Amino acid sequence: MLVIRPVRSADLPSLERLAGSATPRLTNLPAHRDRLEERIARSQRAFAGEVEAPGDEHYIFVLEDLERGEVAGTATIRAQAGAREAYYTYRQETLIHASQQLDVRREVPTLALSHEVSEATLLCALSLDARYKGTSAESLLRRARLMFISQYPERFAEILAMAFPGYLDEQGESPFWNSVGRHFFVRDYQEINYFAGVRSKSFVAEVMPQFPLYLALLTPQARAAIGREHPDHESAMSEMLGEGFLRSRHVDIFDAGPVIKGERERLASFRRAAWHPVRIRPAHALPDAEPAMVANQRLADFRCVVARYALSPTGQLMLSPEHAELLGVEEGRAVLAAPLALPGLGDEHEPGYDEGEL
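Letter by letter, the sequence shown follows residues 1 to 358 of my numbering.
These are computed hints drawn from the structure, not numbers from a lab.
For each label pair, taking beta carbons as the anchor points, the in silico distance ranges come out as: (1) R266 x G332: 30 to 40 angstroms; (2) E107 x Q190: 34 to 44 angstroms; (3) L217 x T23: 27 to 37 angstroms; (4) Q190 x H115: 21 to 31 angstroms; (5) L217 x G69: 46 to 56 angstroms; (6) E38 x A98: 44 to 54 angstroms; (7) R182 x E38: 26 to 36 angstroms; (8) S136 x H115: 30 to 40 angstroms; (9) P212 x L102: 14 to 24 angstroms; (10) Y214 x Q190: 22 to 32 angstroms; (11) L215 x V186: 19 to 29 angstroms; (12) R182 x L95: 23 to 33 angstroms; (13) A300 x Q190: 32 to 42 angstroms.
Note that the coordinates shown come from a computational prediction; the quantities given were computed from them, not determined experimentally.
We put the CB at the ideal spot given by N, CA and C, even for glycine.
All chains, please: the whole structure from these sequences, using the hints.
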């Protein structure tokens with residue numbers, strides 16, 4: 001039995017393990033005990049606090065396998081990406097260089113330092129035990145955050161964003177970092193990525209170049225890495241595009257990994273979610289039905305599970321006693337449900353941009 005719930009102080013050793021095994025290592029999930037302890041405390045304050053508008057709240061969730069008695073994954077929502085300090089990205093742009101005398105007109109692609117994503121809510125810091133990858137647990141961990149956001153919209157921005165880890169070569173090096181950032185920091189990618197996670201990215205504005213980067217001056221390997229996700233995250237990218245996110249013109253400042261954005265009301269999990277009163281029935285008596293994410297309506301005691309989307313003729317959601325207990329709901333109590341399968345997932349997705357990026 002798998003359940004998504006808010007992080008607890010006792011989960012610290014599990015978060016350390018998940019941070020250490022993340023591929024590649026994640027800036028938002030540093031393998032540093034003191035920093036993780038601070039983030040757990042911040043998450044507990046966020047779940048307990050009264051919030052009227054998104055700010056510096058971090059909501060950390062874990063995936064717990066109750067049969068094994070272990071935490072198998074974690075994922076975070078940052079209510080506002082740049083609440084404490086600007087959230088920097090590179091924005092892909094085009095400059096036109098023209099000369100009438102020489103009859104020359106060139107469109108030159110560039111990267112410009114930007115903090116436009118600072119106002120968005122950021123879905124980040126996802127790490128899952130390798131044994132659960134490729135299962136429904138992965139989708140549950142990734143998308144249960146959307147079930148939480150849909151219930152407490154005042155806590156989050158209208159625009160949601162995700163920054164995917166960028167491409168690394170066989171040696172674990174970032175071609176983009178080696179062509180750009182290394183010239184300013186004289187540190188390798190893994191070292192600077194860890195430094196940013198343990199401390200902050202405020203040094204970016206202090207050291208990184210403020211002028212546009214002309215892509216023609218970068219190495220071919222660096223140019224090829226721009227907007228390309230790490231191979232281990234290709235299926236995650238496909239799922240979130242199926243959810244309704246769109247590729248933006250923004251990429252990560254360190255490895256040029258893609259940043260995707262979506263208006264929350266256009267995302268599939270928001271559009272297809274519905275409230276249903278609960279009817280409790282023995283598991284063997286439940287009719288066959290497609291799996292769904294089912295969440296209770298508690299803030300600090302939020303729970304989300306995968307269960308059958310079995311509806312009665314009067315619109316009640318039929319749950320087994322085990323699932324009802326996991327969710328902490330009684331018969332007649334309302335739960336939020338959304339299909340686990342996404343419409344069109346597996347089709348080819350165009351790398352389109354949201355309207356504000358065109």
